[in-house]
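**Student:** Assemble the whole structure, with the sequences as input and the hints as a guide.
Chains as they are written, first to last, in full-length UniProt numbering: chain F, 1 to 768; chain E, 1 to 115.
The hints are simulated quantities; they were obtained by calculation from the structure and are not laboratory data. Don't take each hint at face value.
What the hints assert, rightly or not - Which chain E residues stay away from chain F? Per the calculated CB distances, all over 10 Å, these:
1. Val42
2. Ala63
3. Ala115
Said to hold, decoys possible - Between beta-carbon pairs, the in silico distance windows are:
4. F:Gly86 with E:Gly88: 52 to 62 Å
5. F:Arg640 with E:Val105: 51 to 61 Å
6. F:Val757 with E:Ala115: 51 to 61 Å
7. F:Leu410 with E:Gly88: 22 to 32 Å
8. F:Asp277 with E:Gly50: 22 to 32 Å
9. F:Asp302 with E:Gly88: 48 to 58 Å
10. F:Glu197 with E:Gly88: 46 to 56 Å
11. E:Glu46 with F:Pro312: 27 to 37 Å
What the hints assert, rightly or not - Residues on chain F that point at chain E, a partial pick, calculated with CB under 10 Å:
12. Thr135
13. Gly295
14. Tyr298
15. Leu402
16. Phe422
The C-beta atom is built at its ideal place from N, Cα and C for all residues, glycine as well.
Each chain is listed here by its residues.
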Amino acid sequence: MSGPSITGCGSPGSASSGASGSKDCGAANGLVQIEIRERAPLVAVAGNPNTGKTTLFNRLTGHRAKVGNYPGVTVERLEGRLQLPGVARTARIVDVPGTYSLAARGVEEQIALWSICGLGAYERPDVVVLVLDGTQLERNVYLALQVLELDLPVVLAINMVDELGRDERVLDTERLRQDLGVPVVAVSALRGAGLDELRAAVAGVLEDPASGRPGARWRPGDDVRGTVESVARNVPEQWSNGDPDRAAALALWALLSVDEDDELEGLPPELRRSALDERAAFEAVSGDFEPRVIGGRYAWIDAHADGWVRGPRDSRRSMTDRVDALLLHPVLGFTLFLALMTVVFQSLFAWADPAIGAIEGVFAHLGGWLEGVLPAGFLRDLLVEGIVAGVGGVLVFLPQILLLFLFVALMEGTGYMARVAFLMDRVMRAVGLHGRAFVPMLSGYACAIPAVMATRTMERRRDRMLTMMVVPLMTCSARLPVYGLLIAAIYPIGDENGFQQGLLMAAMYVFSTLMALACAAVLGRTLFKGVPVPPIIEMPPYRLPGPLGVLRVMWERSLVFVREAGTVILACTVGMWLLLSFPKGAEPSPELRAALEQVEADAASADGVDGAALDAERARLEALANSEALVGSYAGRLGRAIEPTIEPLGFDWKIGVGLLGAFAAREVFVSTMAVVYGLDEEAAETETLRERVRAQRRPDGTPLYTPLVCLSLMVFFALACQCMSTLAVVKRETRSYRWPVFMFSYMTALAWIASFVVFQGGQLIGLE
Amino acid sequence: MESSSEIPSPTASTPAPVTAAGSVAAPVAVSNASSAGAPATVPVSELVSGASGRLVGIGGARAFRRRLMELGLVPGTLVRVVRRAPMGGIVELEVRRCRISLRLVEARDLTVEPA
Numbered sequence: 001m002s003g004p005s006i007t008g009c010g011s012p013g014s015a016s017s018g019a020s021g022s023k024d025c026g027a028a029n030g031l032v033q034i035e036i037r038e039r040a041p042l043v044a045v046a047g048n049p050n051t052g053k054t055t056l057f058n059r060l061t062g063h064r065a066k067v068g069n070y071p072g073v074t075v076e077r078l079e080g081r082l083q084l085p086g087v088a089r090t091a092r093i094v095d096v097p098g099t100y101s102l103a104a105r106g107v108e109e110q111i112a113l114w115s116i117c118g119l120g121a122y123e124r125p126d127v128v129v130l131v132l133d134g135t136q137l138e139r140n141v142y143l144a145l146q147v148l149e150l151d152l153p154v155v156l157a158i159n160m161v162d163e164l165g166r167d168e169r170v171l172d173t174e175r176l177r178q179d180l181g182v183p184v185v186a187v188s189a190l191r192g193a194g195l196d197e198l199r200a201a202v203a204g205v206l207e208d209p210a211s212g213r214p215g216a217r218w219r220p221g222d223d224v225r226g227t228v229e230s231v232a233r234n235v236p237e238q239w240s241n242g243d244p245d246r247a248a249a250l251a252l253w254a255l256l257s258v259d260e261d262d263e264l265e266g267l268p269p270e271l272r273r274s275a276l277d278e279r280a281a282f283e284a285v286s287g288d289f290e291p292r293v294i295g296g297r298y299a300w301i302d303a304h305a306d307g308w309v310r311g312p313r314d315s316r317r318s319m320t321d322r323v324d325a326l327l328l329h330p331v332l333g334f335t336l337f338l339a340l341m342t343v344v345f346q347s348l349f350a351w352a353d354p355a356i357g358a359i360e361g362v363f364a365h366l367g368g369w370l371e372g373v374l375p376a377g378f379l380r381d382l383l384v385e386g387i388v389a390g391v392g393g394v395l396v397f398l399p400q401i402l403l404l405f406l407f408v409a410l411m412e413g414t415g416y417m418a419r420v421a422f423l424m425d426r427v428m429r430a431v432g433l434h435g436r437a438f439v440p441m442l443s444g445y446a447c448a449i450p451a452v453m454a455t456r457t458m459e460r461r462r463d464r465m466l467t468m469m470v471v472p473l474m475t476c477s478a479r480l481p482v483y484g485l486l487i488a489a490i491y492p493i494g495d496e497n498g499f500q501q502g503l504l505m506a507a508m509y510v511f512s513t514l515m516a517l518a519c520a521a522v523l524g525r526t527l528f529k530g531v532p533v534p535p536i537i538e539m540p541p542y543r544l545p546g547p548l549g550v551l552r553v554m555w556e557r558s559l560v561f562v563r564e565a566g567t568v569i570l571a572c573t574v575g576m577w578l579l580l581s582f583p584k585g586a587e588p589s590p591e592l593r594a595a596l597e598q599v600e601a602d603a604a605s606a607d608g609v610d611g612a613a614l615d616a617e618r619a620r621l622e623a624l625a626n627s628e629a630l631v632g633s634y635a636g637r638l639g640r641a642i643e644p645t646i647e648p649l650g651f652d653w654k655i656g657v658g659l660l661g662a663f664a665a666r667e668v669f670v671s672t673m674a675v676v677y678g679l680d681e682e683a684a685e686t687e688t689l690r691e692r693v694r695a696q697r698r699p700d701g702t703p704l705y706t707p708l709v710c711l712s713l714m715v716f717f718a719l720a721c722q723c724m725s726t727l728a729v730v731k732r733e734t735r736s737y738r739w740p741v742f743m744f745s746y747m748t749a750l751a752w753i754a755s756f757v758v759f760q761g762g763q764l765i766g767l768e
Numbered sequence: 001m002e003s004s005s006e007i008p009s010p011t012a013s014t015p016a017p018v019t020a021a022g023s024v025a026a027p028v029a030v031s032n033a034s035s036a037g038a039p040a041t042v043p044v045s046e047l048v049s050g051a052s053g054r055l056v057g058i059g060g061a062r063a064f065r066r067r068l069m070e071l072g073l074v075p076g077t078l079v080r081v082v083r084r085a086p087m088g089g090i091v092e093l094e095v096r097r098c099r100i101s102l103r104l105v106e107a108r109d110l111t112v113e114p115a
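**Tutor:** Right under this line is the structure:
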């Protein structure tokens with residue numbers, strides 16, 4: 001993450017001098033000169049989405065870029081180092097989020113202009129590398145025209161030239177260079193061709209910035225010039241550096257971006273006002289403003305584009321057409337889509353299991369080993385039960401994250417993700433979700449953690465947030481052990497009950513799905529209302545993604561998860577451990593102690609005692625001691641404290657302790673209940689716990705786990721946000737505490753209300 | 001990760017703003033289709049798969065119109081309907097070698113002169 005630049009012309013309060021001796025930055029004094037020499041040059045890489053920009057960026061940085069964040073928004077920022085021939089200092093290179101235009105309506109879209117132009121706290125780049133898709137130059141050059149209007153040093157990298165070559169089409173780089181007036185390099189990011197030439201061109205423009213700043217290619221016509229000039233007077237000096245061309249370009253940007261209800265930030269009020277007023281004044285007389293500008297730029301492009309690429313019409317499209325005829329076919333397309341989704345789901349649900357088991361095994365082993373070699377005490381317990389268990393609890397998510405992002409990277413890289421939106425829009429739109437939300441929602445059946453992370457495939461913030469808020473309602477695999485226990489409590493294991501058990505489990509899946517969709521519909525019409533209209537989806541041609549790029553996505557996501565969400569999860573694990581194991585030192589009750597002493601005495605006398613029976617008795621008593629310790633712990637006290645709030649749901653305080661323990665992860669409920677009921681934790685897997693559960697009685701002697709209570713508890717588990725890891729990952733993805741707090745609150749409230757309705761309603765109609 | 005292919009289209013839910021002077025941000029000015037005996041114009045959503053038309057105007061909120069224009073859908077551009085989504089509701093268009101998909105509801109705001 002870069003701080004404000006020392007020399008950035010655009011930074012407020014730094015009107016002194018500019019980078020690389022640009023003509024507009026005024027005379028540099030000696031001090032600043034030294035600073036310039038010490039500052040590594042900054043190169044920004046910008047371009048349309050789907051141009052291979054990220055692939056090129058990774059090529060240039062040798063896949064060693066670091067993921068950071070743009071300040072104040074949830075957009076990630078890649079920064080790496082770039083070696084340039086003949087340049088002493090290693091340059092820094094940043095990736096500008098892909099965009100079709102610099103015009104913006106909200107904070108996230110603003111990043112493109114702000115980072116290319118060095119406005120606000122952003123550092124002005126010394127060179128802007130624009131990556132253009134050579135097979136779609138007309139639309140790509142539109143962005144290039146805007147950047148050239150801003151009078152910034154530019155190098156054009158024309159990507160996908162290998163695809164052009166395959167179609168016997170030839171890029172005329174010389175013609176492009178003449179028309180656009182900047183250095184043009186043909187590259188293939190996928191094959192790594194043209195990279196040296198690109199580096200040389202960037203070095204050349206660093207050396208001689210004027211060679212990449214030919215000035216605007218297209219200028220506003222006489223019809224709108226007066227309007228632009230009026231607005232330009234309100235462009236701050238720090239933005240334009242006194243360059244009238246840049247002021248005009250920024251005025252034009254404001255005229256196309258500012259709206260009564262836009263969400264732009266950091267715009268001077270007088271600029272906003274004048275853009276609105278001048279545009280209104282223009283339109284009162286002459287009709288819409290936008291076509292004059294956008295149409296003007298495209299007219300320039302249409303007048304020149306014929307010379308840029310020569311050869312037959314794009315045959316690449318016909319390949320894509322043939323594939324689309326299959327993949328978007330009303331019957332075949334859906335069948336193939338469902339087959340692919342089955343594979344994705346199966347991989348998360350089942351194929352990840354061995355790896356998850358292995359990770360759990362390694363950490364259990366490590367914990368056991370540490371327990372053996374370290375002296376007993378607080379530190380050992382903290383290390384084993386807090387930290388080792390916590391790190392294991394973080395890493396255990398990696399297999400599913402890696403697998404899901406393997407599929408996501410493949411679907412994005414090939415262009416299939418756009419088709420998912422195309423196929424699923426009708427279905428998802430019914431509840432206000434984006435078509436692409438299908439993949440995260442489906443993944444939510446396995447685990448909410450990777451599913452929440454996969455919401456980033458959606459461009460609009462509103463779609464991402466809405467999906468993220470409802471994904472944890474899907475029945476994840478961590479709920480299954482809980483349902484298993486409770487269903488077994490309702491229907492004792494036995495062949496004759498197999499059908500009812502299966503039916504109840506299926507009913508829970510249906511229930512969670514319907515609730516997730518209902519919540520999406522409600523939240524989409526309330527909290528996420530006002531953000532409008534359906535998306536415009538680009539359907540890129542099918543391409544083969546590079547294996548390195550796919551691996552890079554998997555690696556990046558895992559790293560970000562471990563580093564950012566992992567630390568929160570680890571801290572929560574330690575916190576949960578403290579809650580569940582302290583205060584320590586509470587002595588066992590007198591009766592228990594007496595029983596324990598008796599066992600030890602029997603063991604000491606040795607003669608005529610059944611050793612196995614003694615061991616069993618000892619284990620039983622130790623489990624009882626553990627149960628007493630848990631009951632006396634903070635969590636135990638908290639469980640008692642919340643009893644009045646969960647009593648209307650049919651739960652007693654022991655279940656309350658289980659609910660608190662389940663916050664670490666839902667399946668922990670099962671082992672917590674085992675400890676609460678004085679069983680060994682291992683008993684959680686066996687019939688013993690089920691029998692124990694069925695045997696629980698209320699103080700009045702009636703059974704505690706009636707079918708109605710079990711149902712109420714299952715409904716609670718279906719809806720409550722019993723998962724700190726989900727909250728940690730939502731915090732990471734939204735970069736705020738607000739959203740995890742909201743998620744926890746609404747889900748818990750929903751769970752309470754639903755369980756209340758089930759339990760109280762059930763009692764009313766005479767169920768038990 | 002490779003950027004996704006979606007164009008955020010933050011069209012305001014509110015109707016296009018009415019300016020002080022009372023001009024409503026209505027469909028893009030019709031530039032060349034107003035001569036006498038001009039061919040009938042239809043919404044692009046009415047075209048069958050494979051049919052083309054020359055874009056005459058775009059309606060809808062300002063931000064939405066701007067986004068479409070920036071993708072090359074300026075008046076006078078040739079637009080071809082590639083296909084409709086299997087379950088309906090979406091139409092795929094080809095514009096300047098690029099393919100974009102729109103919901104039919106919005107596609108009704110794109111007026112073309114069938115070619």
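**Student:** If a hint holds in the structure, say so; if it does not, say that too.
**Tutor:** Tested hints:
no. : hint                               : in the structure
1   : Val42                              : holds, 20 Å
2   : Ala63                              : violated, 5 Å
3   : Ala115                             : holds, 17 Å
4   : F:Gly86 with E:Gly88: 52 to 62 Å   : holds, 59 Å
5   : F:Arg640 with E:Val105: 51 to 61 Å : holds, 56 Å
6   : F:Val757 with E:Ala115: 51 to 61 Å : holds, 60 Å
7   : F:Leu410 with E:Gly88: 22 to 32 Å  : holds, 28 Å
8   : F:Asp277 with E:Gly50: 22 to 32 Å  : violated, 46 Å
9   : F:Asp302 with E:Gly88: 48 to 58 Å  : violated, 34 Å
10  : F:Glu197 with E:Gly88: 46 to 56 Å  : holds, 48 Å
11  : E:Glu46 with F:Pro312: 27 to 37 Å  : holds, 32 Å
12  : Thr135                             : holds, 7 Å
13  : Gly295                             : holds, 4 Å
14  : Tyr298                             : holds, 5 Å
15  : Leu402                             : violated, 14 Å
16  : Phe422                             : holds, 5 Å
Consistency with the previously given hints fails for numbers 2, 8, 9 and 15, ordered from lowest to highest.
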